[in-house]
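This is what each chain is made of:
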Amino acid sequence: MSDLRELYQEVILDHCKAPRNFRTPAAVTHEADGRNPLCGDTFTVFVDVEDGRIKDIGFQGHGCAISTASASMMTECLKGKTLDEGRNLFEWFHRLLTTPPAPGAPAGPLGKLAVFSGVREFPVRVKCATLAWHTLKAALDREAKHVSTE
Amino acid sequence: MKPANALPVAAAWDVSRVREDFPLLGRPMRGRPLVYLDNANSTQKPRSVIDTESRFYAEQYANIHRGVYLLSQEATVAYDRARARVARFLNARSDREIVFVRGTTEAINLVASSWGGANLGPGDEVLISAMEHHSGIVPWQMACEAKGASLRVIPVDDGGELILEEAERLFTPRTKILSVIHVSNALGTVNPVKELVAMARARGVSVLLDGAQTISHRAVDVQDLDCDFYVFSGHKLFGPTGIGVLWGREELLDAMPPYQGGGNMIELVTFEKTTYAPLPFKFEAGTTNIAGTLGLAKAIDYVAGLGYDAIAAHEQKLVDRLLAGLSTVPEVRLIGRPKERVGVFSMTIDGVHPHDAGTILDLEGIAVRAGHHCVQPLMARFGVPATIRASLALYNTAEECDALVAGLRKCVEVFRG
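If you read the sequences in order, they're chains A and B.
Position one of the first sequence corresponds to residue 1112 (this note's numbering), numbered consecutively onward.
Position one of the second sequence corresponds to residue 3 (this note's numbering), numbered consecutively onward.
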């Protein structure tokens, strides 16, 4: 049960059941679709960027608890941040999910995103946790509108 | 290594004895006994299959059909015997009708490419079903695209069964082949293939049956089925990966052009022209999966030793138990209620995404598949992006069925929170 609670922390369950910013913002400068063909998860991330800052961000679509909560918390964390701060946060987040923590390593800017550390024990679920982030990156890089985690 | 071989069919099925034949089933998973319920994906291997491959490499290995030396001759004899074993298993008329391939996918690609290339033309139609695995859809789509033919699809009803009246209507004078999955990998439905074959026969339409999900549960007699092609994979029959079988009527295979060119499949090569080897070698270019072939023959021996009647009787008890157990969890929604089925169940849980359920079950040591099971059109038909699929095999137990039901209940609890 400990591994289970480690992965499905209350915060994650809460964001999964009541995702924040689950909407299309009034103004959208960038958007992209993201899809995990393995499990059929699919999200669209919408961003309103003004002067290099994320003025508004939202998402739509459906996915598992991990991908939905991650998308929800991503939007919460990024609203008001600069694009550089956003990119930096994604790097920290990706490292959290894929690299074992070094003792005494700085916590970085992750804040409450650290609740996803349990995903590290489930490598196939890393794609779930990063789907919205990859989709956001595709939107901001103005890459092809369709992004896939496979 | 001879499990229930000596037992009469009517004797009680000793599942614990069967389980002892499968070394991996003894491996603990996340500190608990492994409950392996992903058999529609792939099956575990009995010791006899593992030993056969290992012994071949340790004691008998050489390439086949080429060496003048004794070692190669021995390997060749073993390989040919394996082919004969498969022929007998399927009740084929001749060993020449057995083509070794990598698996079901390659077998269907071979037929779609070779037979389709020679027999499909603009305006022709290929009839498949709405419950085909992607490997029963995409190769035909590719063949249709190449030849200007089109795909028609027999629909599935809410119960997860093919609508035969619709099938009847979908045959047209342009229908060239019917390619249908014998047992659904997602729903467990045993399709009425004899009726479908009869419809096709009456119209001179060829028939391919995909037996990937059949062979671990039911005996297959290709002459009785009266189809033209029957295909399956070894790894779903307790055999090795990378080996599968295409059975085809000899006259059809004979008339088909080769699928791949290379060594082993030729008679005489000059830069001007090549003549091809006779069946089945015409379709076995290059060095084949020799060890896998021997392992497959051994897997067939294993299943035949247990007997399909005994296997089906054991599995039916598990099916009944699991259906009863699932009905006690109101949040679980089974996809399809086929009247004739094997132990393959697709389900969703209200409020729990299949992927999350897969992880929660994994933490209980229960292996199931969560996803679209390579049947995206069928998932779309039932309006679900993904399901949890539990699939049974001859070594599963009543306790494992109960463990799954308890695990599903836990999934509900975690998300009820």
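None of these hints come from the bench; they were simulated from the model.
Values in this document were obtained by computation on a predicted structure and should not be read as measured data.
Treat the hints with care, as some may be off.
Said to hold, decoys possible - For lysine to any residue, the following SDA-like pairs were computed, each having C-alpha atoms within a straight-line distance of at most 25 Å: (1) A:K1128 with B:S50; (2) A:K1128 with B:R335; (3) A:K1128 with B:E317; (4) A:K1128 with B:R411; (5) A:K1128 with B:Y310; (6) A:K1128 with B:P387; (7) A:K1128 with B:Y278; (8) B:K412 with A:A1129.
Results for each hint:
For the hint pairing A:K1128 with B:S50, the CA-to-CA distance comes to about 49 Å; that exceeds 25 Å, so the pair is violated. Proposed proximity of A:K1128 and B:R335 is supported: the alpha carbons are some 20 Å apart, at most 25 Å. Of the pairs offered as hints, the one joining A:K1128 and B:E317 is violated, with about 38 Å between alpha carbons and a cut-off of 25 Å exceeded. With a C-alpha separation of about 18 Å, the suggested pairing of A:K1128 with B:R411 holds against the 25 Å cut-off.
In summary, the hint linking A:K1128 to B:Y310 is not supported, as the alpha carbons are separated by about 47 Å, beyond the 25 Å threshold. Straight-line distance between C-alpha atoms of A:K1128 and B:P387 comes to about 18 Å, which keeps the hinted pair within the 25 Å bound. Taking the CA atoms of A:K1128 and B:Y278, the gap is near 63 Å; set against the 25 Å cutoff, the hint is violated. Under the criterion of a C-alpha separation no larger than 25 Å, the hint pairing B:K412 with A:A1129 is consistent with the structure, at around 21 Å.
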